[in-house]
Amino acid sequence: MPTDARKRAMRRLSIARGHLDSIVRMLDKEDVYCVDVLRQIKAVQGALSGAGDVVLRGHLETHVATAHGRGDTTEIVEELMEALRYR
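All residue numbers for the sequence shown refer to my numbering, where the first residue is 18 and numbers rise by one.
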């Protein structure tokens with residue numbers, strides 16, 4: 018994975034971790050407002066989605082774009098399809 022993509026993904030995952038920690042703290046309180054929790058959950062989902070986009074772009078640029086030259090296009094496509102099935 019390219020260094021820049023790895024750093025950007027780590028930054029987005031750190032943001033997601035912060036939001037997730039916030040949700041856990043919120044749920045410790047009996048008077049937590051459901052909509053506030055939902056907002057934080059959406060924030061986590063957004064940060065995770067953004068991290069996934071960064072990693073996917075890095076993979077496309079470094080591995081998929083060069084697969085034909087290496088002769089492993091089918092394997093790379095199958096691997097990516099398998100990974101995206103669980104997204």
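For the record, the hints were derived by calculation from the structure and aren't laboratory data. A portion of the hints provided could be inaccurate.
[Claimed, not checked] Here are the in silico distance ranges between beta carbons for each label pair:
1. Leu97 <-> Asp45: 37 to 47 Å
2. Thr91 <-> Ser31: 28 to 38 Å
3. Thr91 <-> Asp48: 51 to 61 Å
4. Asp45 <-> Gly88: 34 to 44 Å
5. Asp53 <-> His85: 45 to 55 Å
6. Glu99 <-> Ser66: 16 to 26 Å
7. Asp53 <-> Asp89: 22 to 32 Å
8. Asp48 <-> Val94: 23 to 33 Å
9. Glu92 <-> Glu47: 45 to 55 Å
10. Leu55 <-> Gly88: 47 to 57 Å
11. Lys59 <-> Gly88: 35 to 45 Å
12. Ser39 <-> Gly69: 18 to 28 Å
The beta-carbon is built from N, C-alpha and C at its ideal position, and this holds for glycine as well.
Broken hints, numbered, in rising order?
The structure conflicts with hints 4, 7, 8, although it agrees with all the remaining ones.
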